[in-house]
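Asker: Chains as they are written, first to last, in the numbering used here: chain U, 135 to 601; chain B, 135 to 601; chain W, 135 to 601.
If you are wondering where the hints come from, they were derived from the structure by calculation, not from laboratory data. Any given hint could turn out to be false.
What the hints assert, rightly or not - Think about it this way: if two alpha-carbon atoms lie no more than 30 Å apart in a straight line, the pair counts; the simulated DSSO-like pairs of lysine-lysine are:
1. W:K217 - B:K230
2. W:K482 - W:K596
3. W:K596 - B:K230
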Amino acid sequence: MPRLHPDRLFPPQDPSLSLARSLHEEIAGLPIVSPHGHSDPEWFAENRNFTDATSLFLTPDHYVLRMLRSQGFSYEALGLARKGQQPTVPGIAAWKLFAANYHLFAGTPSRLWIDHAFHWAFGIEDELNAANAEAIYATITRRLGDDDLKPLAILDRANVEVIATTEFALDPLLHHRNLKSKGLNQRIRTTYRPDDVTDPENPGFIANLLRFGEVTGEDVTNWNGMIAAHAARRAFFRDNGATATDHGVPDALTDDLALHEKQRLLDGALKGTLDANGKRQFRAQMMTEMAALSADDGMVMQLHAGSNRNTDPQLMAEYGPNLGADIPTRGEFVHALQPLLSRFGAAKSFRLIVFTLDETVYARELAPMAGYWPSLLIGPPWWFHDSPQGIRRYLDQVVETAGFHNLAGFNDDTRALLSIPARHDVWRREICRFLSQMVAEHRMSLPSAREAARHMAYGAAKAAYNL
Amino acid sequence: MPRLHPDRLFPPQDPSLSLARSLHEEIAGLPIVSPHGHSDPEWFAENRNFTDATSLFLTPDHYVLRMLRSQGFSYEALGLARKGQQPTVPGIAAWKLFAANYHLFAGTPSRLWIDHAFHWAFGIEDELNAANAEAIYATITRRLGDDDLKPLAILDRANVEVIATTEFALDPLLHHRNLKSKGLNQRIRTTYRPDDVTDPENPGFIANLLRFGEVTGEDVTNWNGMIAAHAARRAFFRDNGATATDHGVPDALTDDLALHEKQRLLDGALKGTLDANGKRQFRAQMMTEMAALSADDGMVMQLHAGSNRNTDPQLMAEYGPNLGADIPTRGEFVHALQPLLSRFGAAKSFRLIVFTLDETVYARELAPMAGYWPSLLIGPPWWFHDSPQGIRRYLDQVVETAGFHNLAGFNDDTRALLSIPARHDVWRREICRFLSQMVAEHRMSLPSAREAARHMAYGAAKAAYNL
Amino acid sequence: MPRLHPDRLFPPQDPSLSLARSLHEEIAGLPIVSPHGHSDPEWFAENRNFTDATSLFLTPDHYVLRMLRSQGFSYEALGLARKGQQPTVPGIAAWKLFAANYHLFAGTPSRLWIDHAFHWAFGIEDELNAANAEAIYATITRRLGDDDLKPLAILDRANVEVIATTEFALDPLLHHRNLKSKGLNQRIRTTYRPDDVTDPENPGFIANLLRFGEVTGEDVTNWNGMIAAHAARRAFFRDNGATATDHGVPDALTDDLALHEKQRLLDGALKGTLDANGKRQFRAQMMTEMAALSADDGMVMQLHAGSNRNTDPQLMAEYGPNLGADIPTRGEFVHALQPLLSRFGAAKSFRLIVFTLDETVYARELAPMAGYWPSLLIGPPWWFHDSPQGIRRYLDQVVETAGFHNLAGFNDDTRALLSIPARHDVWRREICRFLSQMVAEHRMSLPSAREAARHMAYGAAKAAYNL
């Protein structure tokens, strides 16, 4: 390639399909690295077969549930159980409702993922609809009894090199200890997510914190003791494979207070006397404390900021959290992360991976910040934005300023096991699409694009998470 | 189509032109449904010929006026009359100024709409310019005398199945009553827009509210009486064809107060003692009241939020409102709509259609919200965003999360009658473009795309507005 | 072209490459107009050869420095000197570090610019890497001794018709006076940037303002005297070629206070007693004063709003400003500019060019505002957004509402002399790309596109800056 191609940046004469294919060929076979997600560790520890199509595809998938609800179907009709009750609708009935309304998913990533899983795991080529609902249900349910669709076999088949689950600080990690005893804790890892003891807005916060003290043997009524409890618990998680922590927060706020102010906040938190502002300040300070511990123990810190949780009080009361009523809000990272980055932004062994649900911060805030601070990486498109268009907007807006080496590769972040290969497939295809266009516009050489494709598909995630 | 095409998501080898054409062929002939706009009902009730090119294309089109003003031409020179005065510049002189500067509209949707109307209604193929200004003026003005360009004939020719105008709460609906007497009130409908009596920031608010009491015979000094007045007036509007209400508000704020607080706000509003915050709270509460009435009487509620009206005090003083000085502001819907949605978000007979001028809320707020709440639909791109690029950004950002069935189809929202077929034409072409690309990338089957095209061009609007 | 092409807005059958080439052919040879930037006037006044590759490409380019730092390389290792010290690392060592990490710039505009300069000025075709680092360093350093790479020869070779530098209000303009004595001050112009005496947040503000009084002979303790000092200093800058002023501000805030309030702010500013809010109000009022002076003396006012400067306190302490730690923040222009535009938005001889780092305001605020106010133009994509994708997002979002004639053409805004032709090259290619697609979609005639291309490449900047 001449350095200055006469057609650079112009719309290419030939479509970049062959370039995309050729880039994809080289990365399609790379192992999957899944460093953040919400798989149930029991699946892998017990390795029992899944039982039926509805409990695999419908009831655990909040993307699917919310879309059906938006068209007026009740969660009860979709096979969900009210809190403390049993489902009132049989799985097959819920499945038929889902199948009859499968056209609602036209144009959505859920459709891509489900179609992928149908084909990939069950060899189903037909489009789900009311007419074939029962037949497909039967096919899936029958195949689920086979050994090659047990959870660990699915990991093998999907070529998953490593996968991380996410557990709260008080979780005893029973399944991970079981996995460890089987020598599987380098492949199936936990992640330390201490929201239960870092955010006083958590309803069980005081009890959680006291229990945290018991579990770790530290005096959590004293600020330094409480931090020591985290250090101990992080070591326990690392012992079970964790290389990272994760923090789910409504905003990215951090703080850097003097010890007496921190103790005052802790006292208030334990007495339950903090107002909303005090609670927010406690949480903000805890983020900086987590960074300090990470700089010390080398765990990678993840920040998932900007979800406004449980916006439907009725759903929360009847069915509980994580069922589709969490909605993004506007984000701000420059001022919010200033206290943390001023202290640890250039710390040698510290790494912070930030996720946003507000795409307006990609080009304005996160890409410029990640393109400066050594410790900061941008996580992949999260949640609603983990989709073909979402990935296109992300790459469009972050790469020019952050480059590829300030990105953390891909996370599937899913609760739906069979969506893992599907989601990585979409990500890899989109990476190849983006790079093929860069090459076709003479903005990047093909060798550079090959290197970037491998990095984004595999190397970046391994490096980002110290795997 | 195999479920997993090997080239899915890659840039297609062949351009999707033939797919776009084929999708468009099927929907191009569908009737136009125009459920929200600002046509003058007198046009249809009186069905008089329009008189000349200037008063048809120039003086009523704030998109055109503002662009010419931005280049330094005065509204006087463009043929507008100062308040209470007559125009000082003859129509033909204003037209020549417009024609000589028609190049300013290169790249704008105004240009697309005007070119469309020139061709569609007058058979004009030439590009307007200084040289042909008089000839084109004469051609238009002459043709406007023909019977097939009377307002009702234009609706026929454009295949308009139904069109809604917008009237304030105190409007006597003379023209709609006339239309009703002619059996036309199912085709030409009104819309209940009670901003004049719901927003205390309205300069005539107190007088309006007292008049509202007289007109309805209700005691509007009492909160429940004031709500009963709305119920009565809504019935009167429904009797004249209305199926929907519309609310033009600076932001999407809603509230849910106790009766004594509501009465206190009403007392203050009538005494003129509310401060800015109290006025805002009154307006916010009124939105929830409108939702309650809609849940009861089945009228579809539209919210047009985010225009900062009349930003040029001099223009407002000299010429009045709606002439180009309204500018969008940043929007927020998650917290703002929480009080209303917590009460009515899942109400069976309630439907809320939200419009925004802040595109950043498409993917972050509106699509996730509409993909959850049964009552919520997203309106089409509004105002400055009703354009080819605006529609592309909209589809890019809403479809993946909201699907097609949480969208309200298209509104032309225009004051310019001849732009109605032009605007629907752009929308339909953009829908076909978007879908052709989904098909070409193997993300959607052609039958699904056909179904989505018909839905977005016709069915969605009819369903959304109960037409 | 028929007015209504049957395929309008559809994806074109043939790629628009030949259209893009043909548009580009006509504008590629147009002179460069560079009305805003940060070249060092000493380069042109002294016209000395540059000395070596590192001090030309690496140490002055904060885009390059920040990316290398983001990967953990220290500014010391990159050849920078700590404040008041000499560099500790030789230029060639820093260069080798840069070369060995050149792959980090894949996909970034820095890469495009540097590759362009390598080819354009040095005939280098090879991709920089560890292996060829020393050879390329030697090639560049050797060639830099030639007469045709002296600063003025570079301007000739790049066909730069006019270039403006930027100086603070207290700058004695020694180099510009030298240039004037050589008859070069119409080609190399200064720009009046009085941030040093308009923003009390500036650390040296009080001393600066007192010095400003001495320099101009005005009583700057009196508001009107302080304004008169500006009027005098602006005349001095105009005498040295300035046609414009520039204002670097954290936000776009303007104000319009009564004289006694202004005097009170000035008194507080000089005594150092203003709080943050008072300082902001002072700065906001000064923007309106600058507009008033511009309306009077005809200097074009530029507003660069939204950079959060010096977010890394350690970098600031050790190395100083403008080294990569400035990060954009969210912007707001509608309310912020209201006081200024209400007074001068339609003033005949006033022109305001606004730049933003927050792309969300393009379609929502700036395009609608520029499409209305006669005085307002939108500046080109700034800083991180001066890139192929950044330019695409800009054109996508501003053209439909503002048209081409409310845009200010291109600024390179660079401190890196050899990036000037590279940056204008990218801009022109992107303009041709955008227009070729408008033509291919039958949204614009080819003659209109040709006219728009010339305007955006050359005419717009000359007109906007009165050059």
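Asker: Now tell me if each hint is right for this structure.
Answerer: Hint check results:
1. The hinted pair formed by K217 of chain W and K230 of chain B fails the criterion: a straight-line CA distance of about 64 Å is larger than 30 Å.
2. Between K482 of chain W and K596 of chain W, the direct Cα distance comes to roughly 18 Å. Compliance with the 30 Å bound is thereby established for this hinted pair.
3. Only pairs whose Cα atoms come within 30 Å are accepted, and K596 of chain W paired with K230 of chain B is accepted, the gap being roughly 28 Å.
Against the hints set out earlier in the document, a violation occurs for number 1 only.
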